[in-house]
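*Asks:* For the record, the sequence lines run as chains A and B. Be aware that the first sequence starts at 28, since it is given in my numbering, and climbs by one per residue. Be aware that the second sequence starts at 947, since it is given in my numbering, and climbs by one per residue.
You may find that some hints are simply not true.
Lysine to any residue pairs mimicking SDA-like chemistry, simulated, CA-CA at most 25 Å apart [unchecked claim]:
1. B:Lys1129 <-> A:Ala223
2. B:Lys1140 <-> B:Phe1109
3. A:Lys213 <-> B:Ala1046
4. A:Lys213 <-> A:Phe202
5. B:Lys1140 <-> A:Gly145
6. B:Lys1129 <-> A:Arg144
7. A:Lys213 <-> B:Pro1045
8. B:Lys1140 <-> A:Ala319
9. B:Lys1129 <-> A:Leu326
10. B:Lys1129 <-> A:Lys213
11. B:Lys1140 <-> A:Phe327
12. B:Lys1140 <-> A:Val295
13. B:Lys1140 <-> A:Leu328
14. B:Lys1129 <-> B:Thr1039
15. B:Lys1129 <-> A:Asp219
16. B:Lys1140 <-> B:Gln1170
17. B:Lys1129 <-> A:Leu143
By construction, these hints were calculated from the structure, which means they are not laboratory data. The structure displayed is predicted, hence computed values, not measured ones.
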Amino acid sequence: MRAGGANSARLTARSVIPLVVVVVFLATLPLWVDDYWVRVWTGVAMWAGLAASWNIIGGYAGYISFGHVAFFGIGAYATAILMQPGLDWNFFLTLPVGAVVAGVFAFIVGWPTLRLRGAYFAIATWALAEALAQLVNTVDFTGGSFGLSTPGNAETGFFYYAMLIASALIYLIIFAVFERSRFGYKVKAVRDNEAAAQSLGINTTSVKLQAFVMSAALPAVLGGINAYWITFINPQSVLAGDITDQMVVMALVGGLGHLWGPAIGATVLYLSSTWLNAHFGSSTGYIAMIGALLALIVLFLPDGLVGLMPRARNMRLVRQMLRLPDRRADPGPDPDTSRERS
Amino acid sequence: MVRVTMQLLIQTIIDGLLVGGLYVAISIGFSLAFGVLDVVDFAVGEWVMLGAFMGVASRAWFGIDPIAFLPAVFVIFALIGFLVAPLIYRVRTSRYARPALMALAFTFGIAMFARGTMMTAVGFDPRTVDTDLVSGTLMIGGLHLPWLRLAGFLFAILSTALFMGFLFFTRTGLAVRATAQNKRNASLMGIDVKRLSAIVYAIYAGMTAMAGVLIGTIYSFTAQVGPEYSLLAFFVVVMAGLGSVGGVLVAGLFLGMLQALVTVYIGADYTLAIVFGVLFLILLVSPQGVLRRGLAA
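When you get a sec, could you build the whole thing from the sequences and use the hints?
*Replies:* Structure (structure tokens):
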């Protein structure tokens, strides 16, 4: 995508048209579907944003976080607590607070663990989420296991647009930071070869830590909107491990380390889980299903659904994740590939 | 008054040590599977959960006492483990950019699959494993030692001893230790690393499931209990240093004690939070594990 000249212009034209179609579809949605489907698509927007946030640390930085629900829950509780009668904060003012608290938590966890092997990081984030859920269950100001209610009086359309805009901003931030900036190259360099990146003068721990803090602050915003939307939160609804599981699976199913991968994965999986719930009414079966899906994706389709699309031949990130030995050895049917190289 | 307080303290510590033995039994195979496969198995708690349900099934379906059924549990889960291990090995040695993390995600998927399937199959009711073979309480100097917990502790010590014997006094054990130290050199010496990791994973799955049956006789459990035991196993292994077998013994007993003390003196609700806090401090102070010595140093 960085290649200059006419090639880049054609690439842009080809990627802009589907983008415009998607944007028009999403922006006008509440005008021509009923409330049920608006709510479903609010969920799609939320999960697309969550999966994309996870993708920052999991896909771009190459560290798997198994505790991302902690940051979603922190955002939800920040909004709920600050909106309680007596404090009565404005809803929009509570969102940055959640993001900052989540970022601080991420810093505390990431600082000792991000310099270690990936497994330690995965364990530490997972332990954080489990411990946080149990702590929230116990202490008073979170309402314990009973939870908190928020003064929910806005309408369906408001939440749809709030969630959609928040998610769109997340994608915009990720695009700007990871596809178009020096910082993005640093993160990917650390992911692909940490020793080499370090020898080039990149402070690898600091780069990873910044990526992780970002990856934690963004879902907190979505958590805050979610708390206001569902009007009632408790540890089972906003700190459950399944939420992390879904973020991981959605990002992996869509395409790890790819900008649109998480959005594709979230749309496909959220719509199918809605369908499953409507027809079978079982949510535990869904956990088994996404578990099996996760294992199968890792085994057979490590670059996710994005890898199935012919255009993906140009996707540099997917190639890197796969570590294809030599691009020239890969006789792609797409002539763009060869031109881009020269 | 002082006497009563002291007695409570000693009782708590002994309770903790007895449970800690079971944590050792869960973690020791887990630690070695890590050493050989180089994958942190997120399914460890699910083996405990599945083992506990197998204990329930042995009584309900076959009418056999769960304790007597332990060898069969070992064989069943060793077989399952033997079939799963090649898949993990395949992911771990694949050409993806970060095979270690992909393998992590793979075991996470297996864990979710096991949990979701069991939750769908048996629901959310808490269960316990009932046994008639072991019952009653041993009284020594005013201390209560339930035979069930003693049996669990003895099992843990015995299986750990057998495992150590296997590691240090057999040729296969030598191969396992060599592989844990350096896979490349080990395979140059003619060790079939793939087959070996399948064997180690099989032993690990079998041992963990047996420990699951014994845990089920002491604590009630549901299909959702897996992640909690995974977390405890992680604690032990991180404290011992990933891949170190000797440290697991100390760390497991320490965890049992810590848990018992927190439960009695602070409150059961804070156990996980404090366990996590200690885990965090360990990672902060000594990332390679406090007790790292021995096997894969």
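*Asks:* None of the hints should be skipped; say for each whether it holds.
*Replies:* Status of each hint after checking the structure:
1. The straight-line distance between the Cα atoms of Lys1129 of chain B and Ala223 of chain A is roughly 24 Å, inside the 25 Å bound, and the hint therefore holds.
2. For the hint pairing Lys1140 of chain B with Phe1109 of chain B, the CA-to-CA distance comes to about 20 Å; that is within 25 Å, so the pair holds.
3. A threshold of 25 Å between alpha carbons decides the hint, and for Lys213 of chain A with Ala1046 of chain B the separation of about 21 Å falls inside it, so the pair holds.
4. A hinted pair counts as satisfied when its Cα atoms are at most 25 Å apart, and Lys213 of chain A with Phe202 of chain A qualifies at roughly 15 Å.
5. The suggested pairing of Lys1140 of chain B with Gly145 of chain A holds, with an alpha-carbon distance near 23 Å, which does not exceed 25 Å.
6. Taking the CA atoms of Lys1129 of chain B and Arg144 of chain A, the gap is about 18 Å. The hint holds against a cut of 25 Å.
7. About 21 Å separates the Cα atoms of Lys213 of chain A and Pro1045 of chain B, which keeps this hinted pair within 25 Å; it holds.
8. Taking the CA atoms of Lys1140 of chain B and Ala319 of chain A, the gap is near 23 Å; set against the 25 Å cutoff, the hint holds.
9. A threshold of 25 Å between alpha carbons decides the hint, and for Lys1129 of chain B with Leu326 of chain A the separation of about 22 Å falls inside it, so the pair holds.
10. Restraint check for Lys1129 of chain B and Lys213 of chain A: the C-alpha separation of about 31 Å exceeds 25 Å, so the hint is violated.
11. Using a Cα cut-off of 25 Å, the hinted pair Lys1140 of chain B and Phe327 of chain A holds, with the two alpha carbons roughly 19 Å apart.
12. Only pairs whose Cα atoms come within 25 Å are accepted, and Lys1140 of chain B paired with Val295 of chain A is rejected, the gap being roughly 36 Å.
13. Of the pairs offered as hints, the one joining Lys1140 of chain B and Leu328 of chain A holds, with about 22 Å between alpha carbons and a cut-off of 25 Å not exceeded.
14. Only pairs whose Cα atoms come within 25 Å are accepted, and Lys1129 of chain B paired with Thr1039 of chain B is accepted, the gap being roughly 11 Å.
15. Restraint check: the Cα-Cα separation between Lys1129 of chain B and Asp219 of chain A comes to about 22 Å, which is no more than 25 Å; the hinted pair holds.
16. Taking the CA atoms of Lys1140 of chain B and Gln1170 of chain B, the gap is near 32 Å; set against the 25 Å cutoff, the hint is violated.
17. At most 25 Å may separate the alpha-carbon atoms for a hinted pair to count; Lys1129 of chain B and Leu143 of chain A meet this at roughly 21 Å.
Consistency note: the structure conflicts with the earlier hints numbered 10, 12 and 16.
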